[in-house]
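Engineer: So you can see what is in the structure, the chains are spelled out below.
2 protein chains.
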Amino acid sequence: MRIKGNLIVISGPSGSGKGTVCKAMFASMTDLHLSTSATTRKQRVGEQDGVDYYFLSRPEFESMIAEEQLLEWANVYGQYYGTPVEPVLNAVNRGQDVILEIDVQGAFKVRKKFPTCVLIFLIPPSRSALEKRLKNRATDSDEEIERRLKWAESEIQQVEYYDYLIINDEVEKAADKVVNIINAERCRPALLDIESLMQKYR
Amino acid sequence: MRIKGNLIVISGPSGSGKGTVCKAMFASMTDLHLSTSATTRKQRVGEQDGVDYYFLSRPEFESMIAEEQLLEWANVYGQYYGTPVEPVLNAVNRGQDVILEIDVQGAFKVRKKFPTCVLIFLIPPSRSALEKRLKNRATDSDEEIERRLKWAESEIQQVEYYDYLIINDEVEKAADKVVNIINAERCRPALLDIESLMQKYR
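Heads up: the protein sequence lines correspond to chains A and B, in order.
The first sequence runs 1 to 202 under my numbering.
The second sequence runs 1 to 202 under my numbering.
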């Protein structure tokens, strides 16, 4: 079966700059579909259902798990987070590339269910650079930051299982690299209509 | 063993526009190494030894075959053509990407000897577009053109073995796609110094 669009997974440790790089990338590529996660955590002021997240009740989320309607999911501190599979498949089937911005464990779950996905690992150039980012965003305690840094160290060990590695030194450069990768992956024979090309050569 | 540079093979039927696309691509990427072929055919006026080709005698070429100093070679109408392996390895080992512009049969021979190479298939959008190109360059008889068109039809059947397919509709667009592919392939974990990245996270 021909795939029509690519599923591009942008992943990396907490604080790697996934969100910022994605935002910069979306500025130059407007034809992408950004996947929206589902969650059971409370909707915050200013957040829109279906835009920031799909806000679900616990039974709703658990029935999605049971019916395998999630590409990946995790329970983080008692709240569920996951990627609904249907919007992803719809976009891919109409030939749109889908961007999934998720953590490292989620990325490998997606690879398992969707082996043709493209895995991009994003990481700051060093532990101290990552530490600086985590401190700057000021959302975590020192203990939590230390835990995240240790986690990052172990996540890098998995980088060989990724298709691409981007050292996030400068946001614009990193975003350009993602754009290059997306454009390159659009040239995969599996994605193109080889049958109709062959017909044009008969 | 870590690869330091990529070997990028740009291939496609005779008349696909490989040379024109490569020229356009070299205008925007100056840090590439273009592989120079060796041949036993006579040096023409204006051609430089070591630039257009390495011009070799028949015994010189045959000793290179015997000593496995060629990445691929072929005998075309009684003249040898081939790719000396040493300059390719030297460039790759110093971290430079190498561009090889060769025919489809050569491309598969390179893949066999150098499995990590990147294969790009370039092809005009249709048989009639290819025919027009072949007629425009006015180097082949009608019979030869017909033979090349049939050949192209069979070469397209192999496209699934390529890493990338580029429909050469407009030279600039096709060259941009090659540039995207080269930049994307530079983000492969196998090409990057993961060991030193890991050290920066200890």
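These are computed hints drawn from the structure, not numbers from a lab.
Do not rely on the hints blindly, as some may be mistaken.
Because identical chains share one entry, a pair is satisfied inside a single copy or across any pair of copies.
Pairs of lysine to aspartate or glutamate, EDC-like flavour, derived with a Cα cap of 16 Å [as the list claims (entries may be wrong)]:
1) Lys200 / Asp169
2) Lys112 / Glu170
3) Lys23 / Asp49
4) Lys42 / Asp176
5) Lys23 / Glu60
6) Lys135 / Glu60
7) Lys200 / Glu131
8) Lys112 / Glu146
9) Lys42 / Asp52
10) Lys112 / Glu143
11) Lys132 / Glu143
12) Lys23 / Glu160
13) Lys200 / Glu153
14) Lys23 / Glu170
15) Lys200 / Asp176
16) Lys135 / Glu172
17) Lys113 / Glu67
Note that the coordinates shown come from a computational prediction; the quantities given were computed from them, not determined experimentally.
Engineer: All hints are to be evaluated individually against the structure, with a verdict given for each.
Structural biologist: Each hint, compared with the structure:
1. In this assembly of identical chains, the alpha carbons of Lys200 and Asp169 lie at most 16 Å apart only when taken from different copies (14 Å versus 45 Å within one copy).
2. Taking identical chains as interchangeable, the C-alpha atoms of Lys112 and Glu170 are never at most 16 Å apart, the minima being 31 Å within one chain and 38 Å between chains.
3. In the homo-oligomer, the alpha carbons of Lys23 and Asp49 never lie at most 16 Å apart, since the shortest distance is 19 Å inside one protomer and 50 Å across protomers.
4. Proximity of Lys42 and Asp176 under a CA criterion of 16 Å is satisfied in neither setting, with 34 Å inside one chain copy and 45 Å between copies.
5. Within a single copy, Lys23 and Glu60 get their C-alpha atoms no closer than 30 Å, and across copies no closer than 57 Å, so neither meets the 16 Å cut-off.
6. Proximity of Lys135 to Glu60 under the C-alpha cut-off of 16 Å is found in neither arrangement, the shortest distances being 35 Å within a copy and 65 Å between copies.
7. In this homomeric assembly, Lys200 and Glu131 come within 16 Å of each other (Cα to Cα) only across copies, at 12 Å, whereas the closest approach inside a single copy is 55 Å.
8. For the homomeric pair Lys112 and Glu146, neither the shortest alpha-carbon distance inside one copy (30 Å) nor that between copies (47 Å) is at most 16 Å.
9. Within a single copy, Lys42 and Asp52 get their C-alpha atoms as close as 12 Å, which meets the 16 Å cut-off; across copies the closest is 67 Å, which misses it.
10. For the homomeric pair Lys112 and Glu143, neither the shortest alpha-carbon distance inside one copy (32 Å) nor that between copies (51 Å) is at most 16 Å.
11. In this assembly of identical chains, Lys132 and Glu143 lie within 16 Å of each other by CA distance solely inside one copy; the values are 14 Å within and 68 Å between copies.
12. Neither within a single protomer nor between protomers do Lys23 and Glu160 lie at most 16 Å apart by alpha-carbon distance, with minima of 26 Å and 34 Å respectively.
13. When the C-alpha separation of Lys200 and Glu153 is checked against a cutoff of 16 Å, the pair qualifies only between copies, where the shortest distance is 9 Å, while the shortest distance within a copy is 51 Å.
14. Only within a single protomer do Lys23 and Glu170 lie at most 16 Å apart by alpha-carbon distance; the minimum there is 13 Å, versus 30 Å between protomers.
15. In this assembly of identical chains, the alpha carbons of Lys200 and Asp176 never lie at most 16 Å apart, being 34 Å within a copy and 24 Å across copies at closest.
16. With identical chains, the CA atoms of Lys135 and Glu172 are never at most 16 Å apart, being 21 Å at best within one copy and 45 Å at best between copies.
17. Taking the closest pair of Cα atoms, Lys113 and Glu67 come within 16 Å of each other only inside a single copy of the chain (14 Å); across copies the shortest separation is 47 Å, beyond that limit.
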